[in-house]
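Using the hints, position chains B, C and D against chain A.
The lines below spell out each chain.
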Amino acid sequence: MDLSFSEEQNMLQESVSRLVRDHYSFQRRQQRLEDGEDLWLRFAELGWLAVPFGEDQGGIGGGAVDVGIVMEGIGRALAVEPYLPHMLASQLLARLAPEPLRDRYLSPALSGDCRLALAFIEAGGRYCPWFCATAASESSDGYQINGAKDLVPGGQSADAYLVIARSHGDTRDRQGLSLFLVEREHPGLQVRRLRTNDAAGAVQLTFENLQLDAGARLGDADQVWPELEHTLDLGAVYQAWEAVGAMAALSEVTLDYLKTRKQFGRPLGANQALQHRMVDLFIAVEEARSSALCAALAMDTDDADERRRNVSLSKIAVDRCARLVGQEAVQLHGAMGVTDELSVGHYFKRLTAIIASFGDSEWHARRIHRLDTASLSSSSQPARSQSWN
Amino acid sequence: MDLSFSEEQNMLQESVSRLVRDHYSFQRRQQRLEDGEDLWLRFAELGWLAVPFGEDQGGIGGGAVDVGIVMEGIGRALAVEPYLPHMLASQLLARLAPEPLRDRYLSPALSGDCRLALAFIEAGGRYCPWFCATAASESSDGYQINGAKDLVPGGQSADAYLVIARSHGDTRDRQGLSLFLVEREHPGLQVRRLRTNDAAGAVQLTFENLQLDAGARLGDADQVWPELEHTLDLGAVYQAWEAVGAMAALSEVTLDYLKTRKQFGRPLGANQALQHRMVDLFIAVEEARSSALCAALAMDTDDADERRRNVSLSKIAVDRCARLVGQEAVQLHGAMGVTDELSVGHYFKRLTAIIASFGDSEWHARRIHRLDTASLSSSSQPARSQSWN
Amino acid sequence: MELSLSPQQREFAEQVREFVGARLPRDIADKVRRDQHLDREDHMRWQRILGEQGWHAFTWPEQHGGPGWSIVQRYLFEVICAEMNCPIIQPFGPRMAGPVIYTFGTDQQKQRFLPGIRDSTVWWCQGYSEPQAGSDLASLATWAEDKGDHYLVSGQKIWTSYAHYADWMFCLVRTSKTERPQTGISFLLIDMRSPGVEVQPILMLEGTHSFNTVFLENVKVPKENLIGEQDNGWTYAKFLLEHERVDNAAIGVTKAAMRRLKEIAASEHGDDGGTLMEDPLFHRKLVEVESQLQSLEVTALRILSQVAAGEAPGPAASLLKIRGTEIAQRISELASQAVGYFALPYQPDYLHDAGSETPVGPDHAATAANNYLWRRCMSIYGGSNEIQRGIIAKRMLEM
Amino acid sequence: MELSLSPQQREFAEQVREFVGARLPRDIADKVRRDQHLDREDHMRWQRILGEQGWHAFTWPEQHGGPGWSIVQRYLFEVICAEMNCPIIQPFGPRMAGPVIYTFGTDQQKQRFLPGIRDSTVWWCQGYSEPQAGSDLASLATWAEDKGDHYLVSGQKIWTSYAHYADWMFCLVRTSKTERPQTGISFLLIDMRSPGVEVQPILMLEGTHSFNTVFLENVKVPKENLIGEQDNGWTYAKFLLEHERVDNAAIGVTKAAMRRLKEIAASEHGDDGGTLMEDPLFHRKLVEVESQLQSLEVTALRILSQVAAGEAPGPAASLLKIRGTEIAQRISELASQAVGYFALPYQPDYLHDAGSETPVGPDHAATAANNYLWRRCMSIYGGSNEIQRGIIAKRMLEM
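Protein chains in written order, with our numbering: chain A, 31 to 419; chain B, 31 to 419; chain C, 82 to 480; chain D, 82 to 480.
Note that these hints are calculated values from the structure, not bench results.
None of the hints are false.
Computed cross-link-like contacts, DSS-like style, restricted to lysine-lysine with a CA-CA straight-line distance of at most 30 Å:
#: 1; chain 1: B; residue 1: 289; chain 2: C; residue 2: 475
#: 2; chain 1: B; residue 1: 289; chain 2: D; residue 2: 475
#: 3; chain 1: C; residue 1: 336; chain 2: C; residue 2: 366
What the simulated footprint calls covered on chain A by chain C, stretch by stretch (three residues with Cβ under 8 Å from a Cβ of chain C suffice, anywhere in the stretch; the number is not a length):
#: 4; region: 179 to 185
#: 5; region: 227 to 235
#: 6; region: 350 to 363
#: 7; region: 367 to 373
#: 8; region: 376 to 383
#: 9; region: 392 to 398
No residue lacks a Cβ here, since even glycine has one placed at the ideal position from N, Cα and C.
Just chain A, same shape as in the assembly (with noise of 0.2 Å):
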């Protein structure tokens, strides 16, 4: 029982740290934003690409953790590079995808010469994880693919999309799902960007009769659910990790502005109930670290009701404290924090993206509903909650 960072994790941070220092200004972001730069080779030159992949696939070996100290940098920079959709799809390729295809894109995903994307949203679905409607026909030599994924956050940079496609069952089964590689250019597929509220960006994805060869398809035919169910899981803990550097550089920077800006001839921050307010904000920063830390470990165990509850547990309660600090901030900086200006609104609105994604407060209240009800009926007594024991 230790929460300190390794060696090894005080360097990474420091890496982050420094590359967030020197490039990621609030003006930076702004400017390369404008031009439509980013520094993705950076983060490749850096080793973040390479961080949670065993050191025979060309990684370094790290896990969550490791992961979500880039993110909470990521967080804190606003930056709007794709990383974690990149880091969720390839690592359900070095998973799942067949020899061929995992040599052929897993070392330009850890190189930043290929980047890859997660297509699993459809409208229609809410956050149900497995509701799908694109279908997976198979046919003689492979697959038809056809309907569309309206939504694939961080893919209007992606050179390929794993993509979630019904090859069985009806649209709400949790049963019948494949995965495959598509290439961007791949006849058959549509690709229309989309802007985001929070400038990451988005593309929608629309197949019509696209084919496929059965070595495109990653793991078992109709069987991916669990895989897509661990990933969605990891997407959760990396944002939570984002969400906590977002909150805490708009913390800073929200006490900078009380302790700046005046109002009737004294700092804003004078004011008590202004104080008590920020102290709320500050509880809340180190809360929702607190959660993303115990649901990046939580990735580490075998049992997935375990996992399952803890990252539940913890969108929950960084969900709850990203509300809290993003709409606190916007209101203590009064005029100026509803305006496009300030980075405060930037923060708002990434935070915002946050809490809609991977699923809300409530997707997850129901899940642990479900472990909880069935753990009623399996036993006289309720699930210990005793994350270390």
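Chains B, C and D in isolation, oriented as in the chain A frame:
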């Protein structure tokens, strides 16, 4: 559309205020509790027991708002006289009792000579209002009652009880409920006195082969649920007004404390953080007052769904406000707030009991859920919530 | 004591419904219903229709050309208009400039300015806030130098709503340096086409443009455009602030937003396949805010009844402002949550009803998410909710 | 970075579990499990058993006769004890008086007082607060007049927990009048059997008696009972306040309360017949507080890791106090809500495990409701949460 009191209502309010002012200082209230005395006959003299009855029944023809005006005074006074249980029972009596029964009990009920209480709560049913295991088996010349009503609020001074018993069906059926009048001294009835946190007191009733003749039944056999539901709604409304009175007094007491109590050399109320919280208390009292009023007016409508919706929305709003005002008043009083010495703790306990009575917020949310989903299936347009339309 | 309408009130409500039903342009109603952004011409078109009917300046007494409605009639008018998807009547002319002019202005000023407000041929804006004087109006620095028959005005106004649409601005300027910062302020009407007036947009976090910075550089303002007495402008400003706060509750609009939220909840599918309306957890949140809205509306009606009986509303307006904005914000937040992932895309073409591309996700998603972001400003403008709490603490609780 | 236990830690935990399992008296465990009130003898009986094992003063270093546990071991010990329904170790001796005495006391004082604390033969209480000095300790007025070999102490202490059980009190008194109110305070140990000491109960809103007023009238206190230097008591008091705040999080007890809440939810029937645990709306509230508790525990562990690595916890203790009490209060509130109407009865016999009448409603109802009322004091005592927010604002945020 006019929400000002009529002249009669102003007069009633004046009479209530006078009694509260003259006889319910916190010290006198505590003394009276210790002496085991009450002002029931004074209530009767002032006509309060007759408020909602038709003039033909010896009443003054008031509505829920008028009873509410009395209840607000009771809340402000922290009066433990069981006005609410008595009113619910006597209104049921007036509506449902066969003539001989009504002739015998109603006039004494209005004059203060016979106190009534409604026995409808059993352990194991939580807030399910049709939960009833107490059995009324038909016998040759009437009914035999077996079972228990585990909590009869205000029942300690009652001369007779209106008892819900099951004449048909299973414990959780909505159908099959009947209503009986049982005198306190009736053979087979055991009355156990219970203390309550709010000092209002209650009893537990146990029925052991208690024999009643058919004339002791009020209303139709098996069919008393709609009347019971209406009565429980009335209870929620009356209680909402009591809560408003208690909250208003409590927020005044708290404001006064903040202005007079000094810490670090200045009044507590000079702290802006406490000022803003005091403002939220003040706002909560006004909101609760509006909700209580809205629910009282809704008792007049013939549309039962409209009544249900408004009463349930009101219970949710009043509970939210009562919780805030009760907890915050205690907190703002600091250590003095958790003692038995000041009125603040006693208001808090009464508000806590109110929150726990007549269904909690979740029970009422569920009732609105039934209304909303029923209206979904019956029309494509969700119900409009315009109470004045 | 009665929540339902009297026969006269019912008849009045019917008359309003009939008029709106017959005259509200369909394209405008559709935009409002879909929560899309309206442009200047959308507002003016509807306001001129109301002006023809004599209803644009609906709060005005008959002597100034208003309909002379009772306070209950005004309330019904606003709620019904919102319910039927009318655009909000922009308050700067009829609710702000107008009452100041007819209360404190000269006969000449009344003749010159009131007709354009009644008919909605002139768009007004409000020049109050300054970079160093947000909620703290008394410390404003825009300076008007007395040049005999005119003032020469220089300074900077900020957060000026729709200055880019406006023909005229009513404006607080400093005309004397005094010890008490509230004195020495004057109330001027400034023609936005005057040389030296420059409007610069402030872009908002959600991507819209409704606020502006207005730079004033040696703007010549004839003395006939001074309202009331020089140096006494704080009195008129305070009069106006009270008006604005009562208005801010905007019950009708919030009720319409609640109805739209329910429509969204009834059409979105929840995670388990049923509608969101059927989902007990989402529904629970709906109910919570509905119960707050119920309280708010009855509180507003109670205050109406007091005002109708001749009592002053006092700081009650602050209460309505605080809870009204909190509730409206919460409704917008729930609508944004209802659309799940489709709160992410930013689709300005759909927001402005421009372009031909269909939006991604359900139609209501683009506006619901944008609306949530936009409504964060409600608790800041018009006197922030912190300022309002201060007002209640001081004036009502005497702390 | 690791949440799970190392083999050594696992062994230690096992050792604690075995000891508690073997030695905790069954009747005491039952009372704790049922949330009933413990009397003096219940506490002392268990604490003496711990004392025999050398675990009563479990935070002490070996040099003072403690077990010399690491900070992680202490944490495990507390959590396991709470999980296994041990009574809370009363902090006044081992967590408060003891560390002050072994840090600032003379050798003679250590020899005289430390054994009674280690073995739990002496009950201590804390004489800090006064009627005019609640959270504002510096303004205390109890006066100790210097009489050469002794002080004559007069004044009034309030909110003194368990003074009616106590043998000794550690006490802040004023020994000099100075300009800075923090100086001139001394730290005295007072024998509660001294003439002139009178203990008067303060009844609490929920009907219990744990707090007292202590009147001191010309109480003779030998100078050998002065800790450290005269007039320097504020230093020792501050040292102690920090200790107390770290302790206040009481994670173990709160986790046990959460487990009990779940047991109640699994046994109570909801309104629709299933258990409350299955009721989505009640369960949603459980999950919310569980997620808060998860954050709190990991925050505490993060601070432990920092402290173990030699960093000072700083105002983090205030954070744990604020959220720890809020969460514990919320859990108690949900338990009270879970029992529905049966939160109403007040059943002191059952609360004290006295009398023979069975309680009305489920057994857990009487304690759950009483506990909710009782726990309102958590956010007030030990430095109110408002004071704690002030500390964070000042010391951490430098506002």
